[in-house]
Amino acid sequence: MASGLKLVKKELGPDALILSTRTIKSGTLGLLGKPVLEITAAIDSDYPKGKHSARKSNIRYSEPSASAVSARESLGFRHTVGDSVENYLTHPGSENKETARPGQAVENSALAPEPDQKLQSEVNELKDLVKSLAGQIAHLAIKEEPARMTHELKVGTSGFGKRFNDAAIHGDYILSMLIDRGINTETSRTIAGFLRESLTEQELSDHEHVMATIISTIQDLLHVAPPLFTDRTSQQRIALVGPTGVGKTTTLAKIAAAYLGNHSPSIALITIDTYRIAAVEQLKVYGEIMHLPVEVVITPEQLEKALEAHGDKDLILIDTAGRSPRDSLCIDELSTFLKPEFGLDKHLVLSATTREQELLDTIERFKGLGITHTIFTKIDECANLGILLNVQIQNANPLSYITNGQRVPEDILEVTPKITAEMIMSLPEGSMHE
Numbered sequence: 075m076a077s078g079l080k081l082v083k084k085e086l087g088p089d090a091l092i093l094s095t096r097t098i099k100s101g102t103l104g105l106l107g108k109p110v111l112e113i114t115a116a117i118d119s120d121y122p123k124g125k126h127s128a129r130k131s132n133i134r135y136s137e138p139s140a141s142a143v144s145a146r147e148s149l150g151f152r153h154t155v156g157d158s159v160e161n162y163l164t165h166p167g168s169e170n171k172e173t174a175r176p177g178q179a180v181e182n183s184a185l186a187p188e189p190d191q192k193l194q195s196e197v198n199e200l201k202d203l204v205k206s207l208a209g210q211i212a213h214l215a216i217k218e219e220p221a222r223m224t225h226e227l228k229v230g231t232s233g234f235g236k237r238f239n240d241a242a243i244h245g246d247y248i249l250s251m252l253i254d255r256g257i258n259t260e261t262s263r264t265i266a267g268f269l270r271e272s273l274t275e276q277e278l279s280d281h282e283h284v285m286a287t288i289i290s291t292i293q294d295l296l297h298v299a300p301p302l303f304t305d306r307t308s309q310q311r312i313a314l315v316g317p318t319g320v321g322k323t324t325t326l327a328k329i330a331a332a333y334l335g336n337h338s339p340s341i342a343l344i345t346i347d348t349y350r351i352a353a354v355e356q357l358k359v360y361g362e363i364m365h366l367p368v369e370v371v372i373t374p375e376q377l378e379k380a381l382e383a384h385g386d387k388d389l390i391l392i393d394t395a396g397r398s399p400r401d402s403l404c405i406d407e408l409s410t411f412l413k414p415e416f417g418l419d420k421h422l423v424l425s426a427t428t429r430e431q432e433l434l435d436t437i438e439r440f441k442g443l444g445i446t447h448t449i450f451t452k453i454d455e456c457a458n459l460g461i462l463l464n465v466q467i468q469n470a471n472p473l474s475y476i477t478n479g480q481r482v483p484e485d486i487l488e489v490t491p492k493i494t495a496e497m498i499m500s501l502p503e504g505s506m507h508e
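Quick note, the sequence shown lines up with residues 75 to 508 if you use our numbering.
No wet-lab data here; the hints were simulated from the structure. Be aware that a few hints might be false.
Claimed, not checked - Think about it this way: if two alpha-carbon atoms lie no more than 25 Å apart in a straight line, the pair counts; the simulated DSS-like pairs of lysine-lysine are:
| no. | residue 1 | residue 2 |
| --- | --- | --- |
| 1 | LYS441 | LYS452 |
| 2 | LYS441 | LYS358 |
| 3 | LYS358 | LYS379 |
| 4 | LYS413 | LYS441 |
| 5 | LYS358 | LYS387 |
| 6 | LYS387 | LYS413 |
| 7 | LYS441 | LYS387 |
| 8 | LYS492 | LYS452 |
All chains, please: the whole structure from these sequences, using the hints.
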């Protein structure tokens, strides 16, 4: 191949363009012959005429090996097809200029110059092909399946970690805007594709309309619980579970304070977090401030008795010790407290500052406890809230609360799909307080 390329440069000059290569066999009918490489090359008719101007020839070249001739390269040239596709796209009509006279064949030349009409047809076909490919590449950056978007994302699609070409992302402002919010690339591409299929060009040019449509679309993708505290006739029991350090005790106090201010003072607090003395003392302080009873239990039997003792309360909130998602024994131990017969709503508390894959792993490992809801904490410390959408698309449990700071009771939101979608697209800076 290298020797063949040298002959191409020698025959047509340094600006020759390789059009195609193929391997054929020499000999009668190609039988018992050595492999021969055929290279088709050309230079532009506009290139300054000289000794390398638009020549065509068949050259037989052989290069001896250690013992004998081992390969032969046959070079056949076609004249004036052009030295680059770009030249024909940027200078239409250049192919109609006077072409150079074909040179004399070096050896056994059998090819005749091709007619200008055929050459013109080939050039036009090449231009059409390149334009078609360019259009397809641009279209692929935004094209997605629109009608089934919500269903496909809710049931889960493969390749959520997949990353795409940066140029395609930055060339689509809708896609870039979604990714900037922390929404993973696959979901962002699906939403962007849905918008481009659903909206007119005029609507797509209206930023406010685009943003409103994005928020509406995200609402449809989010799994959010209805208001927890309505006019219920039966007692409500809520247990908070989750990894260590996610803010379960503070979140429990916020829920208690919100219920106290908006509904009823008929509340009891129970903790089974005997691993941390500070957690017990912290909950007792909150109980004293809100004038609520606090029970400390260390066995499932004691929990059952505490539930019976506060059977007259409208709401019982239960705090639990943090468990490592990878410690299956501790999670199994916790399950002995959270028996189905106790009638508990079990809210898994997660920190929004945790990596997405760790959140999904935590959800999977705590699933055996019969989780019913999800709570996200520390969203004020999270730069991009797209992680809420990323996780909830793949999480069967609805989102019940979001906390956005340390203040009790202010920094907690009982979420709705609209509130959550607006928060995801707002690019919050610092703590967000309602």
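**Report entry** Broken hints, by number
**Finding:** Violated hints (numbers, rising): 2, 7; every other hint is consistent with the structure.
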